[in-house]
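*Asks:* Below are the chains, spelled out letter by letter.
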Amino acid sequence: MLKLDAVTVRFGGLTALSDVSFEIPQGEILGLVGPNGAGKTTLFNSISGLVKARGQITFDGKNVIRLPLHRRARVGIGRTFQIPQPMHHLSVRENLAVAQVFGAGRYDPKRIDEILTVMELSHKADADAASALALQELKRLEIAKALATEPKLLLLDEVLAGLESNAKRTFMLKLRELHRLFGLTIVIVEHDIETISELCTRAVVLNFGQLIADGTPAEVFANPAVMESYTGTAHA
Amino acid sequence: MTELVLQALFSGVLIGGVYALVALGLALAFGAMRIINLAHGELVLLAAYMAYLVESRTGLDPYFAIPLALIVVGVASWILFLLVDRIKDHRELNSLILTFAIGIILTNAILLLFASDVRTTSSAFLQDAVSFGDVYAMRGELIAFVLALVLMGVLWWWLKSSWYGRAVRAVSSNRGAAQLMGINPTRIETVSFLVAGALASFAGIALYTMSVVQPATGHALTVKAFIITVLAGVGSIPGVFLGAVLLGLTEALTVTFASSALQELAGMVLFLLVLFFMPNGLFGARARRG
Amino acid sequence: MSHSASHPAAGSPAGSSTARGIALGAGLLVLALVPLMVGASPYMLGLLISALILAGLALSWALLGNLGGMVSFGHAAFFGVGAYASALLAARLNVPVLLAIPIGGLFATLSSLAMLPALRLSGPYFALAILAYAQIFRILATELDWLTGGAAGLQRFPSLPTVFGLDLSERAGSYVLVLACVVLFALVYVVIRRSHVGTALRAIAESEDATRVVGVNATVLKTWMLLLSAFIAGVFGALNAHIIGFLEPDYAFSGIWSVMPIIAAVFGGYRTVLGPIVGAVVIYLFDQVVAKSLIPVGHQILLGIVLAVMVLVAPNGLSGLVARLFPRSEKHHAEA
Ligand SMILES: Nc1ncnc2c1ncn2[C@@H]1O[C@H](COP(=O)(O)OP(=O)(O)OP(=O)(O)O)[C@@H](O)[C@H]1O
Ligand SMILES: [Mg+2]
Numbered sequence: 026m027l028k029l030d031a032v033t034v035r036f037g038g039l040t041a042l043s044d045v046s047f048e049i050p051q052g053e054i055l056g057l058v059g060p061n062g063a064g065k066t067t068l069f070n071s072i073s074g075l076v077k078a079r080g081q082i083t084f085d086g087k088n089v090i091r092l093p094l095h096r097r098a099r100v101g102i103g104r105t106f107q108i109p110q111p112m113h114h115l116s117v118r119e120n121l122a123v124a125q126v127f128g129a130g131r132y133d134p135k136r137i138d139e140i141l142t143v144m145e146l147s148h149k150a151d152a153d154a155a156s157a158l159a160l161q162e163l164k165r166l167e168i169a170k171a172l173a174t175e176p177k178l179l180l181l182d183e184v185l186a187g188l189e190s191n192a193k194r195t196f197m198l199k200l201r202e203l204h205r206l207f208g209l210t211i212v213i214v215e216h217d218i219e220t221i222s223e224l225c226t227r228a229v230v231l232n233f234g235q236l237i238a239d240g241t242p243a244e245v246f247a248n249p250a251v252m253e254s255y256t257g258t259a260h261a
Numbered sequence: 535m536t537e538l539v540l541q542a543l544f545s546g547v548l549i550g551g552v553y554a555l556v557a558l559g560l561a562l563a564f565g566a567m568r569i570i571n572l573a574h575g576e577l578v579l580l581a582a583y584m585a586y587l588v589e590s591r592t593g594l595d596p597y598f599a600i601p602l603a604l605i606v607v608g609v610a611s612w613i614l615f616l617l618v619d620r621i622k623d624h625r626e627l628n629s630l631i632l633t634f635a636i637g638i639i640l641t642n643a644i645l646l647l648f649a650s651d652v653r654t655t656s657s658a659f660l661q662d663a664v665s666f667g668d669v670y671a672m673r674g675e676l677i678a679f680v681l682a683l684v685l686m687g688v689l690w691w692w693l694k695s696s697w698y699g700r701a702v703r704a705v706s707s708n709r710g711a712a713q714l715m716g717i718n719p720t721r722i723e724t725v726s727f728l729v730a731g732a733l734a735s736f737a738g739i740a741l742y743t744m745s746v747v748q749p750a751t752g753h754a755l756t757v758k759a760f761i762i763t764v765l766a767g768v769g770s771i772p773g774v775f776l777g778a779v780l781l782g783l784t785e786a787l788t789v790t791f792a793s794s795a796l797q798e799l800a801g802m803v804l805f806l807l808v809l810f811f812m813p814n815g816l817f818g819a820r821a822r823r824g
Numbered sequence: 010m011s012h013s014a015s016h017p018a019a020g021s022p023a024g025s026s027t028a029r030g031i032a033l034g035a036g037l038l039v040l041a042l043v044p045l046m047v048g049a050s051p052y053m054l055g056l057l058i059s060a061l062i063l064a065g066l067a068l069s070w071a072l073l074g075n076l077g078g079m080v081s082f083g084h085a086a087f088f089g090v091g092a093y094a095s096a097l098l099a100a101r102l103n104v105p106v107l108l109a110i111p112i113g114g115l116f117a118t119l120s121s122l123a124m125l126p127a128l129r130l131s132g133p134y135f136a137l138a139i140l141a142y143a144q145i146f147r148i149l150a151t152e153l154d155w156l157t158g159g160a161a162g163l164q165r166f167p168s169l170p171t172v173f174g175l176d177l178s179e180r181a182g183s184y185v186l187v188l189a190c191v192v193l194f195a196l197v198y199v200v201i202r203r204s205h206v207g208t209a210l211r212a213i214a215e216s217e218d219a220t221r222v223v224g225v226n227a228t229v230l231k232t233w234m235l236l237l238s239a240f241i242a243g244v245f246g247a248l249n250a251h252i253i254g255f256l257e258p259d260y261a262f263s264g265i266w267s268v269m270p271i272i273a274a275v276f277g278g279y280r281t282v283l284g285p286i287v288g289a290v291v292i293y294l295f296d297q298v299v300a301k302s303l304i305p306v307g308h309q310i311l312l313g314i315v316l317a318v319m320v321l322v323a324p325n326g327l328s329g330l331v332a333r334l335f336p337r338s339e340k341h342h343a344e345a
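Protein chains in written order, with our numbering: chain A, 26 to 261; chain B, 535 to 824; chain C, 10 to 345.
None of these hints come from the bench; they were simulated from the model. What you are looking at is a predicted structure, and each value in this text was computed from that prediction instead of being measured. Please note that the accuracy of each hint is not assured.
Which bits of chain B does chain C cover? Going by a derived footprint, with three or more residues having C-beta under 8 angstroms, they are [said to hold, decoys possible]: (1) 619-627; (2) 796-807.
Not the full set, but computed from the structure, chain C residues with beta-carbon under 8 angstroms of chain B [to be verified]: (3) Met53; (4) Gln309; (5) Gly313.
Think of the CB as a built atom: it goes at the ideal place given N, C-alpha and C, for glycine as much as any other residue.
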């Protein structure tokens, strides 16, 4: 459903992504891994339209690379931000309403309530999103906003970071549930090898903006080049 | 015909010098604080009226008003800075409105003190015509132009080589990093506003000696300075000078070939054309997209 | 933690604040009709009509500033275009005045289309670009004298008609008409602000990326606000023209029409609907009755001082002050 073909992103002299190509079939949960600064967020940015990229990004058979940011939500690309970005001056419910009305093109308060329930935000539905939420609640709001746009593809940027192992496990179950409930294709950025191995059927590895491995989590993490890049910086 | 063109070109370049001084003051405050001082033209106007005050009261040459203008405009600029610095929320929008309000206050204060009459120097020495072949200039115009060039040179040297100059540039390019280097941004901003005030002082007096002023001139000058900033980007002194000369030329040619009523229109049209078609300014300085 | 009933969170349309808003609005409306009931002097009614014209203009300015996030220093452009278009339509093409006025508004909207490229510009650049437009329109109105009568102005164009026995060209009739227009556009403003478009616009100001990434086309929404703001300003320009029965470029496109709405809206609180209206009435009466008698020439200095003090001391205007003095909830945003 998503196909990247030689996607390249440059910031001035820095090449943040160079010739990245891979494909994601419908319904997959793909792990995107790589050390800090590898270009994972930049890859999400180029898919969701936040940065200009060269190459081809084919989504549902159409090249979306020239599509403006706001149109990508409409075609079914949803994403979260690594550092949560709630819409300021809006309540949690209003955040979802805006996402739904403009991203999905319809207004359905019942569905918003469902999403709030699934993401365990019902108790904060009318609280100011930017000021009244704790970090983990903000992360759940990120996902809830993306879900409200009724995406086919969901890009999750380190939504599991900062959770202790029990909470992480619960949250992984939640992601599985979402995946099933909403019929999603998911790409998730995550540093923890165990989590990726458990959650994903496949993983791709970025290092210095280049794709260095692609395969099942077991294959990928057995690859010495991956482990070198990965552990090398993870402990630095 | 050619004479007319040459004369227009010559006058355009000469007024461009003063325009450049006005615009540099605006750019300096913008560089340090990221705000457009909509009262900058009024500061220039204040200096012009100090020249008028000295000349009409003492009969001295307007240039003797420099110390007075430096003090009055310097204090005004400093107060302006202190007020702007108090704004904490929605800085960009509120500082625009605040400096706009201060502009209204200054314009009307000048109107109250000096009436709405058009003023210019009465010095015969400054108004004497000097000829260069077929083109003429008032001595005042020439002096003002040379003064502007000298001041631009001084400013260029100051920004390039003094400690303050470097700090100003550091603060304009990256506030956070400058702070880490131990630069106190408030001090730098104060100095920037004072220097902008000094430039405004000289510009105002020069304007008074070569052209006419009235209370509404201040607002028009702010707009011209902004237009020049758009033409040039706020990046470089030579760029601002070229932008200023370009505006001066456009105005002079419009007055010569169309009518003086269209003078402002020409500047505005130039401004909009550049804004829309050359978003980085004529000399490609910086983006201004929202 | 179900405290939402007792603690209406900022930004959520809480029931009690709606009721308060409606009550306040209705109260003001009754107050506004008092001058008619007690039979205010024609002079006083004349002042109030001008104040309400300014109120409409301030409302239009605040709509652009609050919902569109744009500071305009050039609302005189729309005001003047509306005035000229309506007067010319009525005079040259015999369009009925009450139809010519909204068409005048549409012409103002049309003229704002020329400003669309400016929407891409950030704060100060937009502000100054729109100021440039206003100047250009003023000069055009002066230069196109075959159409506008040039600097000499337009004298002969129809005044407001009589409808249902109410002579709108009389002071009392004009007053009612202008008041009705102010109320109408205030309601339009309220409806938009409460709509999803209004909600999205509220978010854009501080969270542009986050808002666009969920599918909001910020530019299009801002464009609508610019077009609507221009329309409202144009309608009040047209109303004013037919009421005073005289137009010249230096008046219709005067910088006053750019400056006064800013002062009025900031004074009253430009993030609210009632703020600009109340601000306009207070500021206009203050200027005409108090300032002018104190300082006949240069009375605007007092307005400048009011504006500066307001930005520094109470950037949310009167409504912000009121909210601070009578806090309704611990976390109050100035958007009631
Ligand atoms: N807008 C930008 N402008 C300039 N450089 C950028 C920009 N965004 C990212 N970069 C650079 O691109 C590189 C890749 O950054 P990116 O955020 O994609 O990494 P990442 O893999 O998400 O890292 P992390 O694990 O820290 O989130 C980094 O060197 C970063 O500094
Ligand atoms: Mg990242």
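*Asks:* Return the status of the interface hint for Gln309(C): holds when the least beta-carbon distance to chain B is below 8 angstroms, violated otherwise.
*Replies:* holds (5 angstroms)
*Asks:* Once the shortest beta carbon distance from Gly313(C) to chain B is found, is it less than 8 angstroms?
*Replies:* holds (3 angstroms)
*Asks:* Quick check: the segment 796-807 of chain B, covered by chain C? Criterion 3+ residues, Cβ under 8 angstroms.
*Replies:* As far as the segment 796-807 of chain B goes, the hint holds, because 7 residues have Cβ atoms under 8 angstroms from chain C.
*Asks:* Examine the segment 619-627 of chain B: at least three residues should have C-beta closer than 8 angstroms to a C-beta of chain C.
*Replies:* holds (count 6)
*Asks:* For the hint on Met53(C), does the least C-beta distance to chain B fall short of 8 angstroms?
*Replies:* violated (26 angstroms)
In summary, the one numbered hint that this structure violates is 3.
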